[in-house]
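In order, the protein sequences belong to chains A and B. Going by my numbering, the letters in the first sequence line up with residues 54 to 282, in that order. Going by my numbering, the letters in the second sequence line up with residues -1 to 228, in that order.
None of these hints come from the bench; they were simulated from the model. Treat the hints with care, since some could be wrong.
[Claimed, not checked] Pairs of lysine to any residue, SDA-like flavour, derived with a Cα cap of 20 angstroms:
hint : chain 1 : residue 1 : chain 2 : residue 2
1    : A       : K179      : A       : Q134
2    : A       : K207      : A       : T72
3    : A       : K171      : B       : P151
4    : A       : K179      : A       : R206
5    : A       : K207      : A       : S195
6    : A       : K171      : B       : T153
7    : A       : K207      : B       : F136
8    : B       : K119      : B       : I96
9    : A       : K179      : A       : V193
10   : A       : K207      : B       : K119
11   : A       : K207      : B       : P150
12   : B       : K119      : B       : S89
13   : A       : K171      : B       : F100
14   : A       : K171      : A       : A187
15   : A       : K171      : B       : K119
16   : A       : K207      : B       : G112
17   : B       : K119      : B       : P42
18   : A       : K179      : A       : R96
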Amino acid sequence: MLDYLTSGWGLQFLRAIGTSLTVAALSFVFCILIGILCTLLSRNDFRGSASLVNLYTYVFRSLPDILLLILIFYSLDGAIQSLLNRLPGSSDIRLNAYVPAIMSTSIVLGAYATELFKAGWADIPKGQFEAGQALGFTRVQSLVLVILPQVYRKIIPHLGSLSLISMKETALLSVIGIPDIVRTASIGARSTGSPFVFYGIAIAIFVIFAILCSRVFAYLESRARAGAQ
Amino acid sequence: MTVLLGYLHEILQGLTTTLSLFLISLVIGFVAATIVAAFQIRFPGVLAGAVWSLMFCIRGVPLLLILYVVYYGFPLLPFIRETALWTVFASPYWCAIICLAFVEMAFTSEIIRGAYYQTPKEQVEAARSLGLSSFQTFRVAILPAMLRNGFPPYTTEVILLCKSTALAFTITVMDIMGYANEIRARTLDIYQPLLIAGAIYICTVVVTRLILSSLFNMIAVGGAETADQK
Chain A
54 MLDYLTSGWG
64 LQFLRAIGTS
74 LTVAALSFVF
84 CILIGILCTL
94 LSRNDFRGSA
104 SLVNLYTYVF
114 RSLPDILLLI
124 LIFYSLDGAI
134 QSLLNRLPGS
144 SDIRLNAYVP
154 AIMSTSIVLG
164 AYATELFKAG
174 WADIPKGQFE
184 AGQALGFTRV
194 QSLVLVILPQ
204 VYRKIIPHLG
214 SLSLISMKET
224 ALLSVIGIPD
234 IVRTASIGAR
244 STGSPFVFYG
254 IAIAIFVIFA
264 ILCSRVFAYL
274 ESRARAGAQ
Chain B
-1 MTVLLGYLHE
9 ILQGLTTTLS
19 LFLISLVIGF
29 VAATIVAAFQ
39 IRFPGVLAGA
49 VWSLMFCIRG
59 VPLLLILYVV
69 YYGFPLLPFI
79 RETALWTVFA
89 SPYWCAIICL
99 AFVEMAFTSE
109 IIRGAYYQTP
119 KEQVEAARSL
129 GLSSFQTFRV
139 AILPAMLRNG
149 FPPYTTEVIL
159 LCKSTALAFT
169 ITVMDIMGYA
179 NEIRARTLDI
189 YQPLLIAGAI
199 YICTVVVTRL
209 ILSSLFNMIA
219 VGGAETADQK
């Protein structure tokens, strides 16, 4: 195993870990933003937006993630590329594949995040926005300072599993061709003929990430609980 | 339009594969999860802790990676290649079922364990003080509560499993996604085959949800009634 790691595969794996972690972290952040935005939309007085959000979460939670990823990835890729080509004097810009990749995972995970935020937000009265306004907060301030901390405290255990899901979701990007941990492992396994070493390393990386994730979120949860008392 | 109907016809060939992948791995996964959870509850200790850690690790690893290990890695092991196990692991279909059931076991055992520990202690003590045996206590006091608490998360898990079956196409299983992907590669039409496949998956999930929710109503209410009658 050490032979492989020192003969260049170690560097490949380090790069793959960087890719996977970056994509996972960015999709995690963006899916939470989508979740907050969609929850705000669904709690809007305008009824149509609520049913639109419901449609989004229902459809996206009923379709296989891999199908959605392929569909969104290719449509976004084409759309952004043709948009870039419209710009004058920039016909030779090639889009980095990571942009549609991160966007598609964020949109898919956003459906889960929206459900999570909607559940955590459910018993927070709408009057809190008005109370915030009465105290002189802007809407954004009362969102960030008053409402989100309460939602956070309620959904923090689920945020841990969401972060784990976003890490596992990036593994699917290997099917599209993003050089993440799984893709690097399967290329290594195929070209050297020792799959157990390469898949074993990949599994170890995911397990270590899962353990770290559960530790971090257990700590955050205990801190959130201490803050609530 | 005729092209789309042709696509639909071709993709529908994979429906039985998808459904059988889903149902067989659901049953195997549930039975295995019950055994694992029962072991953890019945014999708490170091061994149960080790089992829990193993399940935790399985839950952290993407299904795609597990599929690759079983499909590309296992054929290299001599004790699989040279024994009767080879007949199972040579087929991508059975590899997919084994992987799906394996992952399903890890998630479901945790749901069962969670449902068991959610049952109020007083309920169990009350049943015991009425002179019921431990099996009767389980049947009357614990099982109905477990079904009520565990069914909603289990529904989510079943839907997730139904969606996960789509990954089987990565190891050359020709299910709905496999046919859609084959059309995509052959004709370079991205949207039509994938959207048709998506529509089929949505129908499958909607039907699954309906079946599960009517099952939940039946079981949860029936459980409450038998508990009251005793």
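query = What hints, given by number in increasing order, does this structure fail?
reply = 1, 2, 7, 8, 10, 12, 13, 14, 15
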